[in-house]
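Participant: All chains, full assembly: derive it from the sequences and hints.
Going down the list, the sequences are from chains A and B. Each residue of the first sequence is one higher than the one before, counting from 6 in my numbering. Each residue of the second sequence is one higher than the one before, counting from 6 in my numbering.
The hints are simulated quantities; they were obtained by calculation from the structure and are not laboratory data. Treat the hints with care, as some may be off.
Copies of the same chain look alike in the list, so a pair counts if it fits in one copy or across any two.
Said to hold, decoys possible - Once the Cα atoms are required to be at most 30 angstroms apart in a straight line, the calculated DSS-like pairs of lysine-lysine come out as:
id	residue 1	residue 2
1	K152	K135
2	K71	K152
3	K140	K152
4	K71	K228
Since the model is a prediction, treat every value here as computed from it, not as a measurement.
Protein chains: 2
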Amino acid sequence: MKYTLYYWPGIQGRGEFVRLALEEAAVPYVDIALVPERRGGGAPAISAMLENEDESRPPFAPPFLKVGNQLIGQTANILQFLGARHHLAPRDWRGRSWTHQLQLTIADFVAEVHDTHHPLSTSRYYDEQKPAARKRARDFIANRLPKYLGYFERVVERNPAASGCMVGADITYVDLSMAQVVAGLRYAFPKASRSALRSTPLLASLHDRVFARPRIARYAASKRRIAFNNDGIFRRYPELDG
Amino acid sequence: MKYTLYYWPGIQGRGEFVRLALEEAAVPYVDIALVPERRGGGAPAISAMLENEDESRPPFAPPFLKVGNQLIGQTANILQFLGARHHLAPRDWRGRSWTHQLQLTIADFVAEVHDTHHPLSTSRYYDEQKPAARKRARDFIANRLPKYLGYFERVVERNPAASGCMVGADITYVDLSMAQVVAGLRYAFPKASRSALRSTPLLASLHDRVFARPRIARYAASKRRIAFNNDGIFRRYPELDG
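Facilitator: As C-alpha cells, then:
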C-alpha cells in the first residue's frame, strides 16, 4: 500500500510526528513537502487536496496521509493507524487505547507550546502579539511545562515493563513523539527546558534512546529532516524563554 | 460492565460529550459529579484518582471513564471506545477512523473556544486577561468560527448517505458532540453564532434533531444536565460576542 504524506514544506510541525513513525517502521512513503511544485508537490498539492470538492471525507488541515484512496487526518489518528499496522503500538486494545490517550495528551501539550508565540491569533504574526506571548510563555514555563513533563515522567516511571519506554516493553509511536517534543522544547526554550528536564531524567534518556535508534538516527542526519526554525511549532524567541 | 464517569462537578465541560454518548446509548453509568462528597463523589474523588500513586496508567485530567479496572482518558478516546461498544460509530475501520478524525477536529475547535476567555493562562481568572480575551475572541469570530463551522457543514453536505448526519446513515457520537458544540456556541456567542449558523443550516438542523432524540431530550430536560454557566468552556461574556 503506497503512502503519501501531506504536510506544509519548510517546517517540521505536526507532520514530523508522522514522519518519525514512518521512518522507524521503515515504510516507504512520498513526502509531498519534498516533492517540487513543478512535479506536483509542495503547498499547491496540499491546497488542491483540501479544496477538492469531490472528496467526501476532506481533512480540516495537514498533516494527512493518503493510503490508497483514503485520506487519514489528525496527527494522533494517523499514528493510531500506523501504530496498529506497523508494530508501533501494543497488540491488545487496552494497550492501544492507553498509547493513543498519551498521544492525545502530547497533542494538547504541543498546542500549548504553539500558543506561547501565538496567544491571540494564528492568522497574525508573532510580532503583532509579543506582549501577550510573553505573558503566555511565562505561565507556560511556570505551570504547564513542569505539569506535562512531570506527568509523562511518571508514565515512564510507572510502566510495569520498566523498559524506559512509555508503554510496555517495546518502542511505540508515542515514544517517538515524546522524544520529538523533548527535542523541540530544547530548541525553543533552551534555558527553561534544561531546568525542567533536570527533574525528568527518564524523558531525557528516552529522547536520547529514540534518536540513537538506527533508522531515526539515519533520518535525523539526512537532508529529509528539516531543521527546527521559527516558522514551526517550536520557535526560539529568547524573550519567551523565562 | 459498570461505567463510572469522572468529571468536575458544576460544569458541562468536556465531560458533557461523554455524557451525551452514554445517554444516547442508554448505558447505565455513575456520574461522579453528581455523587455527594460524603458518599465518595465530587471533586475529592477525582483528585484521589489523579493522585493515586498505585495507578500505572494515570490520566492527565478529567474526563476519564472507569471501565472495570481500566481508566480511559481523553474525551475523543473515551468516545472512540464507547462508539465501538455501543453502536455509536460505523462498523468498518475506515468509517471509525473518519468519525474519530472529526471528533479530534471538534476537540481542536473546543480548545479554541476555551481560549477566547483564557488566552494567556488557564490558571488565572478571566478578569485578569480581559483585553487579550477581547482580541482573541475577535479573531475567533472573524476567522476560526466560520472556518470550523463551514468545514463541518461541508462534511454533512458531502456525506454520501445524505442522512443529515456527519458520517453514514445513522447517528454517531460525533453528531452528538457537534450538536453540543452548536448549543454551546449559542450560549456563549448568541450574536456571532446566530450570524454564523445562518450559513450552516445543516449544522443547525443536526443540532435540533439530536436534541429531539427521545433519550437526549429526556436527559436534557432532567436535573442531571447541568446548565451552561460561566465556569465551563462555553461562557457568555457579552464583550466577547463580536
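Participant: Now tell me if each hint is right for this structure.
Facilitator: To see whether the hints hold, each was checked on the structure:
no. : hint          : verdict
1   : K152 <-> K135 : both (24 angstroms within a copy, 25 angstroms between copies)
2   : K71 <-> K152  : between (35 angstroms within a copy, 23 angstroms between copies)
3   : K140 <-> K152 : both (18 angstroms within a copy, 27 angstroms between copies)
4   : K71 <-> K228  : within (23 angstroms within a copy, 46 angstroms between copies)
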